[in-house]
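Asker: Protein sequences, first through last, are from chains H and C. Following numbering that gives the first Met the number 0, the numbering of the first sequence begins with 0 at its first residue and continues without gaps. Following numbering that gives the first Met the number 0, the numbering of the second sequence begins with 0 at its first residue and continues without gaps.
None of these hints come from the bench; they were simulated from the model. Just so we're clear, the structure is a prediction, and the values are computed from it rather than from any experiment. Every residue gets a Cβ at the ideal spot worked out from N, C-alpha and C, and that includes glycine. Some hints here could point you the wrong way.
Computed beta-carbon distance windows for the label pairs [to be verified]:
no.: 1; chain 1: H; residue 1: 296; chain 2: C; residue 2: 101; range: 14 to 24 Å
no.: 2; chain 1: C; residue 1: 73; chain 2: H; residue 2: 229; range: 42 to 52 Å
no.: 3; chain 1: C; residue 1: 296; chain 2: H; residue 2: 298; range: 35 to 45 Å
no.: 4; chain 1: H; residue 1: 187; chain 2: C; residue 2: 349; range: 57 to 67 Å
no.: 5; chain 1: H; residue 1: 229; chain 2: C; residue 2: 118; range: 19 to 29 Å
no.: 6; chain 1: C; residue 1: 87; chain 2: H; residue 2: 317; range: 17 to 27 Å
There are 2 protein chains.
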Amino acid sequence: MNPLPEKKHADRNGPDADARISLPLETLRQMGVEALLANGLSPEHTETVIEAMALAQRDECHSHGFHQLPGAVQLIRRGPLVRDAVPVVNDRSPSLLQMDARFGYSLLSFQTGLPVLVEKARKTGVAIMTIKNCYHFSALWPEVEALTERGLIGLVMTQGVNCVAPEGGNKPTFGTNPIAFGWPRPQGIPYVFDFATSVIARSDIQMHALAGQDIPLEWAVDSDGQPTSDPTAALKGALRTFGGHKGSALSTMVELLTGPLLGDLLSAESIKVDEGAGLTPLHGELIVALDPDVFLGAERAQHFDRAEGLFESIIAQGARLPSQRRYEARQRTLATGEVSIPRHLYERIRSLTTTTG
Amino acid sequence: MNPLPEKKHADRNGPDADARISLPLETLRQMGVEALLANGLSPEHTETVIEAMALAQRDECHSHGFHQLPGAVQLIRRGPLVRDAVPVVNDRSPSLLQMDARFGYSLLSFQTGLPVLVEKARKTGVAIMTIKNCYHFSALWPEVEALTERGLIGLVMTQGVNCVAPEGGNKPTFGTNPIAFGWPRPQGIPYVFDFATSVIARSDIQMHALAGQDIPLEWAVDSDGQPTSDPTAALKGALRTFGGHKGSALSTMVELLTGPLLGDLLSAESIKVDEGAGLTPLHGELIVALDPDVFLGAERAQHFDRAEGLFESIIAQGARLPSQRRYEARQRTLATGEVSIPRHLYERIRSLTTTTG
Chain H
0 MNPLPEKKHA
10 DRNGPDADAR
20 ISLPLETLRQ
30 MGVEALLANG
40 LSPEHTETVI
50 EAMALAQRDE
60 CHSHGFHQLP
70 GAVQLIRRGP
80 LVRDAVPVVN
90 DRSPSLLQMD
100 ARFGYSLLSF
110 QTGLPVLVEK
120 ARKTGVAIMT
130 IKNCYHFSAL
140 WPEVEALTER
150 GLIGLVMTQG
160 VNCVAPEGGN
170 KPTFGTNPIA
180 FGWPRPQGIP
190 YVFDFATSVI
200 ARSDIQMHAL
210 AGQDIPLEWA
220 VDSDGQPTSD
230 PTAALKGALR
240 TFGGHKGSAL
250 STMVELLTGP
260 LLGDLLSAES
270 IKVDEGAGLT
280 PLHGELIVAL
290 DPDVFLGAER
300 AQHFDRAEGL
310 FESIIAQGAR
320 LPSQRRYEAR
330 QRTLATGEVS
340 IPRHLYERIR
350 SLTTTTG
Chain C
0 MNPLPEKKHA
10 DRNGPDADAR
20 ISLPLETLRQ
30 MGVEALLANG
40 LSPEHTETVI
50 EAMALAQRDE
60 CHSHGFHQLP
70 GAVQLIRRGP
80 LVRDAVPVVN
90 DRSPSLLQMD
100 ARFGYSLLSF
110 QTGLPVLVEK
120 ARKTGVAIMT
130 IKNCYHFSAL
140 WPEVEALTER
150 GLIGLVMTQG
160 VNCVAPEGGN
170 KPTFGTNPIA
180 FGWPRPQGIP
190 YVFDFATSVI
200 ARSDIQMHAL
210 AGQDIPLEWA
220 VDSDGQPTSD
230 PTAALKGALR
240 TFGGHKGSAL
250 STMVELLTGP
260 LLGDLLSAES
270 IKVDEGAGLT
280 PLHGELIVAL
290 DPDVFLGAER
300 AQHFDRAEGL
310 FESIIAQGAR
320 LPSQRRYEAR
330 QRTLATGEVS
340 IPRHLYERIR
350 SLTTTTG
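Just chain H, same shape as in the assembly:
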């Protein structure tokens, strides 16, 4: 690979370790592909994993972008992730598609099952794809957007490494258990939210730990159940759910629907699989697709216009729609073709390729 033109960005925090470089997203993508292939991940998995990281990087979701690559290589090197797992498709019913990822990454199962899920939703109005026995590291909004791009409504949930205590408790019981939802909009970008049912995503605490920054006391408790501003102590303790007992109830729902309902692990069971290394959790994912055409027929356009009225009324009173920052970042990236990552991450990714390639 040719040496890259490196630009040092304005450094907000001082130390050289925080220096960033800009590079074409396509270059970073190619580096990622080489790193994963060099470490033995199959071409099919490599393609879907790097695509997910590239989408996140494009939208400046740094914690789900190429920041994930070193951990992915670690997981691939040490196992038990299966590098060339071929998803098994169980076409269970007119509305239910069950994917078994066979202990590979979730993304290839999603891509393999997506056309079948879409076809089912178009016929029956509602269809579910489940993915079990999968490793999962990505955000959920790319999958939601894969549905909204096809005119469908999407609702997606999954677990995470167990690191969240139920409201009133003190043990890492739940994953961050995100819920994502997407509504296709007639013009332009969809209405999409994707949030952890914890106060914050675990990756946000990891980023603070990497940056050596304190966290707010309300985010987490340490292993003794005491609020802590130390991100490292928080990672050893437990995060709290958002919104008190309501968020805790939602997180429980996600555990149930993406664990036992799929015959898959709970967050607290998943952690045992990689012997406590906590790299990337092994668990299930639930994807619901609704086709408004089946619900509404020829009246779809008229009722989706009323939904636009709701979005307009939210904006008109000074509130924001979710994902707007992400969409703005996307526009910036698409305009320049370039993304920015920390220099240490860039060097790390280069080393992942050259060491074993």
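Dock chain C against the given chain H, drawing on the hints supplied.
Answerer: Just chain C, lined up with the frame of chain H:
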């Protein structure tokens, strides 16, 4: 009707107006039936409406119990609720059942569609029942429990009178937009939550207004967007969503899935139908039923045992499962057969029957 034995309960707040009486639930139910029939509601609607109030009263959910009866009679008397509406069934697909309540109460549509919904879920694993053009006043947990009693998982949502501002906004845009979920448990009572996506239910503020009690400042803003402790001012202003922008996003999702997706009204549109009286909103309801037997087959019991382990771990660390207070109240009511309501409500219900009966 014979005069009832009346018992005055310990009065926490002093004034005689707060005195309560105990009476057999069956007696109260009969009074309710007579009041609704006397005001011209059809026997089929009367049965389902009073059953919903009786279930709530049994579980000491006072705001959804017979507290709702005077408002129901008001709605029946002044319209536009259709007193003898016959639900229209549209069996849209193997997984989608669309009920049109024809501007009657939602409950008769739910009861009419329930056997079809259950049959669909048992065949395909996932089925949705929608109810549109309905008036809705009841809690969602009775419908969730109707599914868990049949071994199914339930997820139900509906809107409400528009009284909640989006996070960062100041206008009554959303209903309280509750979400309810139920998971059947092998032994005993199900795991059920049912909560408003507002900080609090509007009925809680109504109860405070009736009792002349202040509300916490974080519950609501007045019509100028300022936090208020006056429940009457709050009812004229807007409630806030729980959990900041996450709760606001969930509330938006409920608006979309129970409004435009069903060809039905948004909360802010619904309020215009009864000319701003705000009695009972007209809008849609979405009921999702999942059959774990289709997902898991013979392995269901083993995986549901692991779900029990999750519940046990939550309780073991001192956290509570939702609905426990309600289940405890249920046990008390079932043991004595009696419920307690304010004397003024009792007198009001009597007057509803005798005035027009």
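Asker: Indicate, hint by hint, whether the structure satisfies it.
Answerer: Cross-check of the supplied hints:
1. For residue 296(H) and residue 101(C), the Cβ-Cβ distance of about 19 Å falls inside the hinted range of 14 to 24 Å, so the restraint holds.
2. Between residue 73(C) and residue 229(H) the beta carbons are some 57 Å apart, a value that contradicts the proposed interval 42 to 52 Å.
3. Distance hint check: the CB atoms of residue 296(C) and residue 298(H) are about 39 Å apart, consistent with the given range 35 to 45 Å.
4. Restraint check, residue 187(H) to residue 349(C): a C-beta distance of roughly 58 Å satisfies the suggested window 57 to 67 Å.
5. Range check, residue 229(H) to residue 118(C): about 55 Å between beta-carbon atoms, so the 19 to 29 Å window is missed.
6. At about 41 Å, the beta-carbon gap between residue 87(C) and residue 317(H) misses the expected band of 17 to 27 Å.
The structure fails to meet hints 2, 5, 6 from the earlier list, while all remaining hints are met.
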